[in-house]
Amino acid sequence: MRILAAGFAIASGLLVLLGYFVPLTMLLDIRLLLVQWAIILAAVAVLVGVLNLLGVHWHKVRTRQKGTAYSILLIVSLFASAVLGIVLGTNNTLMSFFLEAIIIPGEATLMALLAVTLVYAAARLLRRRVDLMTFIFLGVAVVILLAAAPFPFGKIPGAALIEWLLRDNFATAGSRGILIGVALGALTTGLRVLFGIDRPYGGN
Amino acid sequence: MNNILEITGLVVVLIAAGLLLGLTFIRRKTPPVFREIPAYTRLKRAIGISVEDGTRLHISLGRGGLQTPHGAPALAGLAMLRHLTEQTSVSDEPPIVTSGTGDLAILSRDTLQAGYKAASAEDLYNPATGRLTGLTPYSYVAGAIPAMRDEDVSANAFIGHFGSEVALLTDAADRTNRMAIAAADDPAAQAVLYASVDDPLIGEELFAAGAYIDAGASHRASLQVQDILRWVIILILLGGSALKLVGII
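In the order they appear, the protein sequences are chains H and L.
1 is the number of the first residue of the first sequence in our numbering; add one for each residue after it.
1 is the number of the first residue of the second sequence in our numbering; add one for each residue after it.
Only true hints are included.
Pairs of lysine to any residue, SDA-like flavour, derived with a Cα cap of 25 angstroms:
1) K244/L with S175/H
2) K244/L with G174/H
3) K44/L with F34/L
4) K117/L with I10/H
Derived by calculation from the structure, the hints in this document are not laboratory data.
Only a predicted model underlies this, so the values are computations on that prediction, with no experimental measurement involved.
Pulled out of the complex, with its shape left as it was, chain H reads as follows (with noise of 0.2 angstroms):
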């Protein structure tokens, strides 16, 4: 079973990277079919993933372990979503009153925590790191951060020079040099996969 797991894995994503480069129309059809039973199967893997989630907070309240009255309020929520979507729909009012009144205030409260979080980490930076490229990578933030605010007068002058140096010239290198590494790094480990020397699935 192990093996035939394997080869199939092999098997696919050698056919979906020969898509790719070949283009053969057969080959495509191929790449085309493998890719949307990806799609199918990584929804199934959601619903999977949900009922997981279900189970692990089930046992936090079977055991009454810490926390046990967020874990029933998440039980009760995900029964409730999932009865009401499926009985009225995704576009009914309700559904949007429940999205726009609980979950997207809970996100933006969220969002407005990272920028608190954020700007925390910044100061601390100084306490946890002092060397050179601390100051640099601060620095280059406060000057960026002036340069793109709208200041009553207008912005800051020199502020397009400042965006054109910084941001569009060495932020951009720098940036494409970094992902370049990620690109190698993401082919290498894509590869090991691909022959079968990192398995992540049938449990080898």
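Put chain L on the given structure of chain H with help from the hints.
Positioned in the frame of chain H, the structure of chain L alone reads:
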């Protein structure tokens, strides 16, 4: 023009594949030596402390689905998880894994099980230790923070696809005085991590985890292939710039 790009892509993949297989299976008298990455040194120490203290490791795989371009960091995280599980299988508390997509949650459980099996401790495997905590960036973070706080975690490894919301995770680790190593593929997340963890992992260091925690010859070969290809790209960029400067292209 399109054909040139496709052929170039295919050639790069074939060269990388050849080098990877060659460097993996060629037996060398001395293993390659890599520069020290402080984050991985700390992770190795944290593994030892976790086993001795009977505390848990928390591995966060992010929210990069395997059918998206962000799947590779998650695969690197899974490869690391496999070896961490094996190394900590003798601990009283198994590692917990949180992920933000269904496919990663399933694979993390499979990987945990494989790690226990390899360590001949399959009885200790608990499926609840690999879990989905949320499907959107902030719900994922909101679900992962209680796990970090309440489940006797002594060290955290955030390895995968994250956005700037990863700062909330590293902040939570910091507030509870738990060690954290973090790596992400997104440049915005890397900038955030630079400010919020002690030893940030930048760029391709994300994919070096396996080589640094002794996951095997293929992981060391991967790093060597990356180094070789990086030099080729540097030479091509310099050559291209020089040719452009003298007006040939």
